[in-house]
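Everything in the sequence shown is counted per full-length UniProt numbering, starting at 1 for the first residue and increasing by one.
Be a bit skeptical, because a hint or two may be false.
[As the list claims (entries may be wrong)] Derived pair list, reagent style PhoX-like, types lysine-lysine, alpha-carbon separation capped at 20 Å:
| id | residue 1 | residue 2 |
| --- | --- | --- |
| 1 | K315 | K297 |
| 2 | K789 | K803 |
| 3 | K729 | K594 |
[Claimed, not checked] Here are the simulated distance ranges between beta carbons:
| id | residue 1 | residue 2 | range |
| --- | --- | --- | --- |
| 4 | L491 | E593 | 49 to 57 Å |
| 5 | H814 | Q775 | 20 to 28 Å |
| 6 | E904 | G640 | 52 to 60 Å |
| 7 | E202 | K642 | 58 to 66 Å |
| 8 | E530 | Q216 | 28 to 36 Å |
| 9 | R251 | K75 | 35 to 43 Å |
| 10 | G640 | S582 | 16 to 24 Å |
| 11 | Y570 | E530 | 13 to 21 Å |
What the hints contain is simulated information worked out from the structure, not anything from laboratory work. Don't be surprised by glycine CBs; every beta carbon is placed ideally from N, CA and C.
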Amino acid sequence: MASHRQQRESMYFDIDFSLPQSSSETKEQPSKPQALPVPDLIQTMNISSRYKVIISNSVLISSGPPAVFQLRPKKEKFRTVTRMTVGEKNPDKPNKTILLVGKTGAGKSTLVNVLFNYSMGVKWEDEVWFQIVEEERNENQTESQTPDVIVYEIFGFEDETLPYSLTIIDTPGFGDTRGAEHDDIISQRLLELFGSEDGVHELNSVGLVMKATDNQLSEQLMYAFDSLMSLFEKTLEKNIVALITHSDGKRPKNAFKAIESAKFKCAKNEKNQPVYFLFNNSQHEARGDEEEEEYLKHDYEISEKGMRKFKVFLKKTTPLKTTHEASKEFIRLTACIQNLQERIKFTEVKEREMKQTQEALKEHEEEMKMNDELTAFDAEVYKHKELIRKQVFGPGFKAAVSCTVCQENCHYPGCIMALTHCEVFIDGRCTSCTGKCPVKDHVKEEWRYVTRIRKVQKKEAKMTQSDKKDQTESEKKLSHLQNFENEMNKLAAEKSQFLDESYQHVVRLEQIALKADSASTIVHVDFLIEKMKEEGDTEKVKKLQEMRSRVDEGTKEALLYKTCVISSQYEDILSNSFLIHSGPPTVYQLRTEKQMFGSLTKMTVGEKNQYKTNRTILLVGETGAGKSTLINALLNYSMGVKWEDEVWFQIVEEEKKSQTDSQTLDVIMYEIFGFEDKTLPYSLTIIDTPGFGDTSGTEHDDIISQRLFDLFRSEDGVHELNSVGLVMKATDNRLSDRLRYIFSSMMSLFGKNLEKNIVALFTHSNGRTPENALQTLKVANIKCSRNEKNEPVYFLFDNCQDKQRTEEIKALKHSWKFTQKEMGRLADFLGKPSPQKLMRTVEVLNERIRLNACIQNLHERIEFIEERKNEIKQTQDALKEHEEDMKKNEKFSIELPEVYKVKERIKRHFLLGGYVGAVCCQVCEETCHYPGCTIAWRPEYCEVMKGGRCTSCTKGCPASDHVKEKWRYVTKTRIVERTKEDMKEKYEKYKTESKNTLSLLKNLENEMKKLTAEKSQFLDESYQHLEKLDQIALNVFSLSTVVHLDFLIGKMKEEGDTEKVQKLEEMRSRMDEGTRAALRYKFVQIPSAMK
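Produce the entire structure from the sequences given, and follow the hints as far as they go.
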């Protein structure tokens, strides 16, 4: 027997093991241990002489015991995999093929060495160990030791311990730190190995390599198995076993639990338990003292016992085969189903858009009859070439085979071959695309066709008279609506045809000897079930559901993994959004449900779930600060959009304007529903305000306050806030008068209860602490939420998430990461504070509006009173001067002033959902609300009305006595000439002739007193409004309030009311420098404010 063994060794070891080395390998070689002369090694290390030929062609790794040697097998490249061969194949000897699959660090490489040493017959007492795997030393086990798929062929040791030769396919670990792209390469190379004509076409066993302590199987690993099973017979599971490494010889309870939890299909024993074999990974470890050697020997025996049992299993198994043609047919059918699914989706999107256009046309049918012209519509369905995301991985996911004539993806995902060798082609023509076009009409590129919509303007041109004359009678009867209906019917017929073709392909998959219920197929089956239900085809639905019911848990796990990489999770949203520009990132404008309520706009995404909580945030800031971009960032964060998705969504419809003009033209409420638990446990409502302080002037800023008031008080508006975000650039480094004005305007909107909910949102940030911007807040004395260090609570954001990733990728990714991190912090903040009811803020806004209206009216009434007093005084003087003439009844004429009210035209224009006009009382002949009345369409809805009566006019008249018109009452004075007869007319009003002059003068004096009393009353009313505002407002000093304050102080001094003057002056003394600077800014903007 020994001589026979020596003969075999001589046959084998005459082969030259050495390979040409590159220059780099040669340079590294001196650092490796050098082989000693074989006799010296054998004698020194007490190694059996039967290994002398092997050792002579190996490199000593460690002297041991055991002495560890690195073999130098024959190495060659086979397509995309590496083949390592030891010995020469004997065609008369059987061969067994084993595939090892497992996650990084499971011990596959060590297990390959165990299989090799067992094949050679190496024993414990030989004190030697051979390595066939060329390991790359990494500092940790987060990256696979095996960098490629390697096929190890072990020949020449038949009948040593095994009656056959071995082929071992070793895969790099799934799920290491190199990410999904690494897993993609593994699967792709395995599919090529098993699918190619000169590859591997049978397997005796698939070994799931896992540690005894593992308690979970990853989705990536399940996906790999699902991909492999689609190439082999359905009974492959009988050849799958668990190879448990790092074992102590006991039953691997954790590993069993992981297999059971994943419902992983594998070979079962008579107890219906997974077939498994135990191995330890310490055979090559140096043997130390006697105690340690005893433990190592025990571990060695565990592996030997596991190998003996595995040997028996391999002998009993029947190899599973796959045919190249069957594999191609499976791939071809899957590609066709995918293509048909995309065609169906394209048809459905066209149907949806045509239906919307049809509904719009019906609304304007009469108009069309008059004009012979179609109403314009703004959505066109088309095919867009979209770059395949770099982060999308899986076999054949990197490039798509597409037909440029049909504009269809003929094979994606799944094509791992060159274009001309793609499985969808038979006899040079495509079996997938609609036109069955030749190969020359196809490309294989890193993009694919996707269904998208874009905004267009379309109108059917009017028919000329000759066109109408040439029409047949039947054509004349066809309206535009009928043409649309015909087109809709055609699309429905196409969709039905595509569905039937897809169904036939799936049925065909059932008939071939492959895994028809792979994850690839189930994706399509689910789609077909849904669509067949819509079609009402119960027979086909039943067949598909029966197929779906056979899906095992392992395939479901793989399905989760495949679904997340096969296409964007946002595909349904993308197909209903307008493409703005291609990426990366590709930017889309969402189509929201747009509603107008009152004078406000509501934009809604998704549907509200009444069982989910909601958070509301109000954004205010300077024009150009980045509020609109921040809203888009909040939307994308809510949706769970990640950097690697290479997509960006916009909800804000921006108009291209100067940055000194607000991009947002109105107060808009954005409602974001349907993404709860993506990144946020709640839905979001975001209130976006037009930028304060833009070039539209301060009237624009007053309108913002009016709009917010309307939003907070309306029945279907917003009644509580979780946060108010003061949006400003992180680069703001000085507090200009304009910025102070903006802060003052913003803070004057809120009640005192909102202070703890106000935070700073710094945009255009580089991630560092915004020292200058924080100092700006401090100088402005902004009342807001503060942290434990009594510093303003703030969050940082960059505004470049939608920026094209052509350059500075690293910087853009950094900006994305810290913005995401800050979004998370903001989300936590929104979840903590209790929402503040807006009753107090509504009260503040209401008081401001009434105060402004009251004092404005007061100005006008006092002006009227003073003019009337002047008129009375001059009349008194004139009467005294002509007292004798009147007694003598002589003729005379005098010039006297006359005060009167006139309706003065104002510029009435529509603005932001309302219109600018004046609310006037026709009884009192007073202007009750102007300027500032922009929301109310009719007087009864104006803010100055309370309980149906006016709080502004002298008599508090009912709303019905008021009008809102394009004119207002103004006080005018004119000089009129009065004759004796004019005076006599007044004179005859009194009964006693002798007392006429006295009575007239007396009544004039009484009227003077009455006017003075009214003025005092009006001043007191204004004072009460201001005092209440001081009690409830977070910042009483809005700029309009300061103007009114100065006015009241002046008038109260004239009245001599020292107590109220003192109170008002104390109030004014609290005005900080910020408000004074803001006041200067407003006076510059509106010079008339100083008059």
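Hint check:
1. K315 - K297: 27 Å, violated
2. K789 - K803: Given pair K789, K803 is violated - Cα atoms ~36 Å apart, limit 20 Å.
3. K729 - K594: 30 Å, violated
4. L491 - E593: 49 to 57 Å: 25 Å, violated
5. H814 - Q775: 20 to 28 Å: Since H814 and Q775 have Cβ atoms about 25 Å apart, the given range 20 to 28 Å holds.
6. E904 - G640: 52 to 60 Å: Between E904 and G640, where Cβ atoms are some 58 Å apart, the hint holds.
7. E202 - K642: 58 to 66 Å: Violated: the Cβ-Cβ distance is about 42 Å, outside 58 to 66 Å.
8. E530 - Q216: 28 to 36 Å: For Q216 against E530, whose Cβ atoms are near 32 Å apart, the range 28 to 36 Å holds.
9. R251 - K75: 35 to 43 Å: Holds, at about 39 Å.
10. G640 - S582: 16 to 24 Å: 22 Å, holds
11. Y570 - E530: 13 to 21 Å: For Y570 and E530 the Cβ distance comes to about 19 Å; the hint holds.
Of the numbered hints given earlier, the model fails hints 1, 2, 3, 4, 7; all others are met.
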